[in-house]
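Enquirer: Following the hints, position chain B against chain A.
The residues making up each chain are set out below.
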Amino acid sequence: MSTRSPRRPPRTRASSAGQPRGPLDGVPVALKDLFCTRGIRTTSGSKILERFVPPYDATVVARLVEAGAVVLGKLNMDEFAMGSSTEHSGFFTTRNPWDVDRVPGGSSGGAAAAVAAGMAAASLGTDTGGSIRQPAAFCGTVGFKPTYGRVSRYGVIAFASSLDQVGPFGRTVEDVALMLQVIAGADPMDSTAVATPVPDYRAELGRGIEGLRIGIPTEYFIDGMSPEVESAVRAAIATLERLGARTEPVSLPHTEYGLAAYYVIAPAEASSNLARYDGVKYGLRAPGGKDLIDMYAKTRAAGFGDEVKRRIMLGTYALSAGYYDAYYGRALKVRTLVRRDFQEAFERVNLIAAPTTPGVAFKLGEKADPLSMYLNDVLTIPVNLAGLPGISVPAGFTGGGLPIGLQLIGRAFDEATVLRAAHAYERATDWHTRRPSLGPNLGKDRP
Amino acid sequence: MSESAYETVIGLEVHAQLATATKMFCGCATGFGAPPNTQTCPVCQGMPGSLPVINRRAIEFGIKTSLALGCAVNVRNRFARKHYYYPDMPKNYQISQYEEPLAEHGLLAIASGDGTRDIRVQRLHLEEDVGKLVHEGTLETAAASQVDFNRAGVPLMEIVSHPDLRSPEEAAAYLRALRAILIYLRVCDGNMEEGSMRCDANVSLRPRGVAELGTKIEIKNLNSFRNVQHALEYEVVRQARALDAGERLVQETRLWDPRPGPDRLHALEGVRPRLPLLPGAGPAAPSRGAPVDRRDQRKACPSCRRRAARASRWPTVSRPTTPSSSPRGGDWPTTSRRRRAPTASRRSSPTGS
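Top to bottom, those sequences are chains A and B. This note's numbering puts the first residue of the first sequence at 1120, with every later residue one more than the last. This note's numbering puts the first residue of the second sequence at 22, with every later residue one more than the last.
FYI, nobody ran anything at the bench for these hints, they're computed from the structure. There are no misleading hints in this set.
In silico SDA-like links for lysine to any residue, alpha-carbon gap of 25 Å or less:
(1) B:LYS153 - A:ASP1410
(2) B:LYS237 - B:TYR255
(3) B:LYS153 - A:ILE1412
(4) B:LYS103 - A:ARG1429
(5) A:LYS1482 - A:GLU1426
Extracted from the complex, chain A is given alone in its bound form (with noise of 0.2 Å):
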């Protein structure tokens, strides 16, 4: 359904004596196809790199091999993190585990549907504005976004590179933890890794939650919210507080305005990023140019889908001499603020817990209008723009059975905290235990 095989053996080395080659020895794990692995195929979901194959591995790649990972293959994706269903992939649309009529959310729409559908036990994804998180809440599973600088990007092909992290999904918790207790920490070949201390983060599963103090911004719970996510996530607080924590109502006032700035910041840099696939030197090559700047056109009118051209033109128009300062200064200036928000708000609480969505996973070509498509990540692309980690875990299911997520927030590189409280309220539920039935209808109409 949403991996797409490499046809290659795991890449394991011959185990030696019987002793475990790591934390993650054995564990079957696969990769949103943005990751750079070496001899293997490597497309970010476009049709420019559909034979592209990276001469190299990203860092947490080799984390997770040096780990005892078996990487089982390389997971379906909107263009370069382009989306939030993965329906525009440059390749087909994957489906979501829980109803197949359904998108799995997006960008890792793969990394997510293969975590709920059991196809892996563990996967990496990317989160720019909400693309680990919201599929996570999407297929009923677990999605962390850690801090901006906690794990490596050496190797992840650019969306946005002040916004894009890595991180992992899981069924559980635990599994989350420890995915990230590998891929985290300094890599010299990432200077905006930064070396702060990576804890044993389950070892800090176990405390519990008592007397954490727990926001809860009212920004979050809009307008046009759907009933149902509200309730759960309004139960998952009543959950949390019976589970010892304070919670208390906190203001983020500048979130309305965190999403106007994120489609301006966003594309921007993805329109400088995704410069580089021209032709020239990897990747697709369009025939029949008749010059060089012909060739270039013809490529990159043939390589690119819709939507990655239209956030490269958003971009470009943005960066433009005579508009950059009124966009994309100002853009960054609303980024402060919406920083500020959270700051101010982690002075008087540990933690902030929202929903992940405003709605539940929608039917596929739901979404063609691209506004109404992109506020799907209105709770999310704050928490990128302040850089802090954001986790969604299950927090309960629609009455026709659809997942629900429970966002919590912390404080930069405190990903300790986020992982204990949701451990504690994962602890407390059985959402996560619940499958998917994959009938016999899974999968059909694919190409």
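Expert: Below, chain B without anything else, positioned relative to chain A:
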């Protein structure tokens, strides 16, 4: 009127290749004359997913030079991306410094007439060099061009003077004085033939006694002291004649042709390329872009050591002027037969196909 009725105003932009062992943002070697694309890696080839890491030594060389020129070093300086499409630039942007350069406000004393004169240095910043296009034939008639990325990512220091120079002789004297300092500091070998020092000149004329600057012409491709002086002398005469004839000069860039001929300064481009700038390595947290010592980087990253050998597997030969009729899939092996091609790097690969 004649030439002497005008005052010549010249400013120089000097690009000096830093004599570091490794490139500005990766651990590749910087030596001149190696076989094409043998001193490359995913970073300087602009591979998807690669990231720049600043070379500590390059920053040190830049600061040394800044201090020698009496510049104020900006504690907070920042890299940005300068965007334009050209096949010799792997990422289609150049990482350079724009609004926040490494250093500003220096002075360089040059010999002038019987004494010396202080020429103001406007700014000094660091950037990465681009690759080299090798045309099969001349630029105009080439059926194909190839790209050599050995030079891509080599550290450059750009030193920009104020328009304080008043004659082609002074321009040459400025270059000599600057070159002597760079060589003394051992930050650049000063070899103009190999392109270790390159110079662009901005020149304009204005009637004597007038404070306002005239229309400036930028001259590129000046790779020797003699060329600098000749090109500027040539351009000064051309502009004086044009102004005498009542022509309006248009701001443009011209390419110096060192071969003798009737027109030795070719118009190169009417307008400058559009250059949207985006903060580079880590826009959210520029302070995090800490420079590294390459030795530490290689110690921590064994794959970096293998990278130079492996890079030769990735031919970057391309034909940008006449794209072939098929996509470049052939260069990117996807079949198992191609993958088993016996190369040194494949044998050392731990994946073992």
